[in-house]
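> So you can see what is in the structure, the chains are spelled out below.
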Amino acid sequence: MHELGIVKHVIKTLHDVANENNVRHIASVTLEIGEVSGVVLDQLVDCWNYFREKDDLVKGAPLFVEKIPAVTFCTACENKYDTVAHGKTCPSCGSTETYLLQGNEFSIKQIEAEVNEEN
Amino acid sequence: MIKVIELKRTVTDSNDRDAASLRRELTERGIFLLNLMSAPGSGKTTLLSRTITDLTGKVRIGVMEADIASDVDALSINALGAESIQVHTDGMCHMDAGMTRDGLAELNPKADIVFLENIGNLICPAEFDTGAHRNVMILSLPEGDDKPLKYPYMFQKCDALLITKTDAAPYFDFDLAVAEERVRAINPTIRIFPLSAKTGDGMKDWEDWLIQEWEKQKNA
Numbered sequence: 000m001h002e003l004g005i006v007k008h009v010i011k012t013l014h015d016v017a018n019e020n021n022v023r024h025i026a027s028v029t030l031e032i033g034e035v036s037g038v039v040l041d042q043l044v045d046c047w048n049y050f051r052e053k054d055d056l057v058k059g060a061p062l063f064v065e066k067i068p069a070v071t072f073c074t075a076c077e078n079k080y081d082t083v084a085h086g087k088t089c090p091s092c093g094s095t096e097t098y099l100l101q102g103n104e105f106s107i108k109q110i111e112a113e114v115n116e117e118n
Numbered sequence: 000m001i002k003v004i005e006l007k008r009t010v011t012d013s014n015d016r017d018a019a020s021l022r023r024e025l026t027e028r029g030i031f032l033l034n035l036m037s038a039p040g041s042g043k044t045t046l047l048s049r050t051i052t053d054l055t056g057k058v059r060i061g062v063m064e065a066d067i068a069s070d071v072d073a074l075s076i077n078a079l080g081a082e083s084i085q086v087h088t089d090g091m092c093h094m095d096a097g098m099t100r101d102g103l104a105e106l107n108p109k110a111d112i113v114f115l116e117n118i119g120n121l122i123c124p125a126e127f128d129t130g131a132h133r134n135v136m137i138l139s140l141p142e143g144d145d146k147p148l149k150y151p152y153m154f155q156k157c158d159a160l161l162i163t164k165t166d167a168a169p170y171f172d173f174d175l176a177v178a179e180e181r182v183r184a185i186n187p188t189i190r191i192f193p194l195s196a197k198t199g200d201g202m203k204d205w206e207d208w209l210i211q212e213w214e215k216q217k218n219a
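Protein chains in written order, with numbering that gives the first Met the number 0: chain U, 0 to 118; chain B, 0 to 219.
Bear in mind the hints are in silico, worked out from the structure with no lab data behind them.
Computed from a prediction, not measured in an experiment: that's the story for all the values here.
Mixed in with the good hints there might be a few duds.
As the list claims (entries may be wrong) - Only some residues are given here: those of chain B computed to face chain U with a beta carbon under 7 Å:
no.	residue
1	I1
2	I4
3	K109
What the hints assert, rightly or not - Here are the computed lysine-lysine pairs in the DSS-like style, where the Cα-Cα straight-line distance is at most 30 Å:
no.	chain 1	residue 1	chain 2	residue 2
4	B	K156	B	K109
5	B	K2	U	K58
6	B	K7	U	K66
7	U	K66	B	K203
8	B	K57	B	K203
9	B	K2	U	K66
Note that CB positions come from ideal geometry on N, CA and C, so glycine has one too.
So here's chain U without its partners, still in its complex pose:
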């Protein structure tokens, strides 16, 4: 269960960020996830909803996900195409000399944070 580990790591990173920025509570978390990053979104959200209740820093915080479509670039004909539909083979020239331009992202984009105002 991949998503379980991912959520634990996200929460750990959020604690680091909270310490660095004097954050008291996190009100929401936004992730950027590429279409071919291998994450099952439903499971990720289930794991998040479970763990956020066990941690005061993120208690009740919704998880937002921004999906990034997967796009592959063909070095032979310089075509850009949809990775999920065509895989490694370019649909216009048939070359396999291709690489992923975007779609394997997996990052914490931003958080809404309640910040302590005292110094």
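Place chain B on chain U using the hints.
Just chain B now, with coordinates in the frame of chain U:
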């Protein structure tokens, strides 16, 4: 007051940092850690048993067996006289740096080389740095020569690939040249060692590489 903080940190960021510091600590302690990954049933434990037996007297080897449950693998390694510990991940599909650190603290090895036998899985372990100095992958011949096409990230991440169970070649349509070509398309610098832990064929090349990498690390 609520403010938006832009992070742009990868999800594995906290693990990546933990792994980097574990790697430094191990280097200082003179321990060379190898992360061994494969699909279930590829023969990780058999390969390790043979390697331990072959290298007895040359180098001290310790083994950390990670499994979701059970301790059958650690028991068979123990029987060879090597230090070993069984780590249970309780449902998690991979080892991360924190779990590796905890397991090593428990094992407290006097060994020169420690193998982390990761969970049998070709997807998740590739994404989480364990803090190991080298990543090694096993592809057993019955799994087929199209594995690199299905799990490219794993092949991309490894320093060495062991193609095991070559003694079974007459019974399977595994084309070694095709497999090597597919792997090199993903990872041009990977070392590839076809071998059989059963007959011993090819074991020496792998063991020589292992010793050589360990010495490189020691003198670094």
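> Against each hint, give a clear statement of whether it holds in the structure.
Evaluated hints:
no. : hint              : in the structure
1   : I1                : holds (6 Å)
2   : I4                : holds (5 Å)
3   : K109              : violated (30 Å)
4   : B:K156 <-> B:K109 : holds (28 Å)
5   : B:K2 <-> U:K58    : holds (17 Å)
6   : B:K7 <-> U:K66    : holds (14 Å)
7   : U:K66 <-> B:K203  : violated (48 Å)
8   : B:K57 <-> B:K203  : holds (13 Å)
9   : B:K2 <-> U:K66    : holds (23 Å)
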